[in-house]
Amino acid sequence: MQKLSLLLSILILLFTSCEKSIRQNRVDENVINFVELNASQYTVNVLDSIVTGKFEKFSFSEGDTVTHENWDVAFSGTTIIVNGGDSYSVNQPERTANAAVYIATGIMSDIRTVDLTKLEQDNTSGPAIIDDLGISEQGWASYDMSSHILSPIPGKILVFRTHDNKYAKMEILYFYDTPNPIISDGDYGGFYTFNYVYQSTGEINF
Amino acid sequence: MLLTYFSFSQNQKDTVIFDRNLQEVTITATKTSKFINELPIPVTIILEKEVQEFSASKLYDVITKQTGIVSVTTKTGTEGLQMQGLDASYTTILIDGFPVIGRLFGALDLNRISVSDIEKIEVIKGPFSSLYGSNALGGVINLISKKQIDDGPIINTSLKHASHNTTHSSLIYKYKEGSFQISNSIDYYNTDGYDLIDSDVLSTVNPYSNYTFRSNLKYALSDKLLLNTNGHYYKQEQINITTDSSVLLKGESNIKEWSFGTSAKYLMNSNFNQQLEIYKTNYRADEFLNTEDGVLYEDNYFDHTLLQTEMKSYFTYKGLNSIVGFGITKEELFRRDFSNNPEQDLKFIYGQLDATAFNKVNIILGSRYDNYTNYTPVVSNKLALGFPLTNKIQINGSVGTGFKTPDFRQQYFDFTNSTIGYIVLGRDVAVDRLGDMQNVQEIVPFSELRSPLRSETSLNINIGLRYNPSDNFSFDFNFFNNKVNDLIEWKLVATGKNNINIYSYFNVNQVETKGLEFNTTYKKKNTWEIKFGYQLLYAYDTEIVRNIKNETSYFARDAETLTSVNLNKDDYFGLFNRSRHMGTAKLNYHLNDKTDLNAMLTYRSKYALSDSNGNDILDAYDKFIDGYSLCDIGITYQISALKSCQIGVKNMFGFTNPEYISNIAGRLYYMNFKINFK
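Heads up: the sequence lines are chains A and B, in that order.
Taken in order, the first sequence gives residues 1 to 206; the numbers are from my numbering.
Taken in order, the second sequence gives residues 1 to 678; the numbers are from my numbering.
Simulated from the structure, these hints should not be mistaken for lab results.
As the structure is a prediction and not an experimental result, all values here were calculated from the model.
Beta carbons are placed, not taken as given, at the ideal position from N, Cα and C, and that holds for glycine.
Careful, some of the hints might be misleading.
If the Cβ cut is set under 10 Å, some of the chain A residues that face chain B in the computed set are [to be verified]: (1) Thr105; (2) Met108; (3) Gly134; (4) Asp144.
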């Protein structure tokens, strides 16, 4: 019987020895949360996956959507374009400035400086941020074939140079008008909710 | 019957540790009979009584009630069993020693295999490629037909009716006279299937019916020459209804399977004998779908043939048993979406030694060499040692290697899915096909596709302890560790015209499964018996573990703040479709001479089928499928010596999970009558 209780206590030890360690993530104090930018006026061509429709323009300095030409970034469906470079499709807003973007890997508070060498602008063949409906997972989002939900890839932070040569970082949190969409219930994508930090001084450090 | 000739050697052994009366014999592990308590590798024997307890019709019903074995639905939609956390494609299933073929995406359908007239099922965990070659990387399951002892005819009949209008009937006829023995059985199964989601037009499982015919003839030409012939035929028909972009499609899905095996055994003397075996088997699946106007929409076929010739020699001398075998195997496959009709030839040779050293220590040492036409030859080894510490405790240890060749699909597949828009190319065809395509954007350098795929290999360690404090009490612990290298998976290689994704197969990573299996039995003779089993499992992709340790970052989205967070080592849950905890509990209660009561509980803790937060790994932030338990209760009543009936309920609490678990049908009632004639 002693042997038995020994064995049992070994078993109990085995099953209780896994305790969670404490997570340590730095919190960024300057984060502004922008809820629901409506970029849902878009259509996707089934044949070539090209997204067309109205672009919703956003300005970091104003902290809101804008209709004038001093915009930084614009959204339409899954497409994200910047106010810099060349247009690659007919119905895009006119690019008037020198904005650029790249996708950094990390959590928001860990992106401390802008890597200027990585900044890219849109060009005639496509946007700086890959837009393939999330299928290749090379852009900001991934697409789940079974639930048909497009979600921002965790750890992808969009780093911008704005139209007036300031800098900003952005994390897209979700793409629907609810954080937990159910496509079969009619939840439709194109509503961006994101966090951003705007460096109004023009410094490259956040 | 043939195998009982070889059990005599056991009686000469002086290492009797346990009470023989309670002993079960295994043959899968050594290809000769061996008492399982002496076997230094983990083995489970499911006896006929246990097969019958809950009126099992198919292997699925029995095997999924065993500790640490679960039938899982994979990403490709096929279902197969998982053992020690390893995939279905790593388990070999044998019927009387001959392999079952017809793997869809690597997995064998356990509902295809009838358990009528099965004397026992042996389950060996850990690789056994050293005896059985490719696929026996995670384990071997061997179904052994019932043998007849007394002369004369035997007729067994059974008729079962269960929920979903399920009927299962079997008729077995056997006859034995001296050296001549014949056994024929026919088994018929019919079900209306079931539907877990009412809101759509589709059923979860469509109606199907199948029958199995098995025949066996044994004849001793003389005292020294024994002949044995096995044949089987199986046919299944199923209605096939599906939709494609809301177009209703109807068709059929049919399977035909047959096998024929014959062996001649020559008993030269009490120490030496030889056996020659020839086995051929074919599996063919056909399916088609028509539109409502009766126009053919899609059809599909899969036709696999295996021919195997094997010569075995057994040598026994003073507690030393050895076996040497060699043979050739030829395989062929015809399948839709294949670039050609692949063939594969194999030559193999193996040997195994089973000996007792220092009057005490049991040693099993085996090795096998497989030489394939299309791959580098593989050598598989196994070493197992059993030390009886006292007459109540035995410690076992085994080390083994296993392998699995790339399957035909991974080499020759040429599949285009036009609805979702992707292409999958087998490794052998990828370079040529990519070369012919236009607008191809290389994601993985194509030069990587030029070298052939390597076989997946594994290394396993089992360390076990068997403790029998008394005749009616037993404990069995087994620690296991499996490392599978060069796992083959499909990966994005390029994008083609219109951004279509093109995938091919690669030897990608290494996975490790480790854990503990624990089984205990307590029985009070003629009153009751209680069994409890538990498996603790950790299954990882070793590269992900290494990356997290090296602080390569993985991220997840926090469900509350919705922001990205860094994952640390403890956040990685492991491989998909693996539960950390699995358990079984069983009670057999012998009410009186005529009535037996059986109750069974199986439990599986939470798991996930896919990543839900975009980082491709399963972590603590992902959505999991909740754990569940299933409870079965059955009563067996012996009406008279030759007649019995059973009633029972499976999944008593009616657990279902329509969204994620399609193979659990909800509560099922059954009733079964058996009449035997002698």
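How the hints compare with the structure:
1. Thr105: Cβ of Thr105/A sits 7 Å from chain B, so the hint holds.
2. Met108: Interface hint status for Met108/A: holds (6 Å vs cutoff 10 Å).
3. Gly134: OK, holds: Gly134/A within 10 Å of chain B, min 9 Å.
4. Asp144: holds, 8 Å
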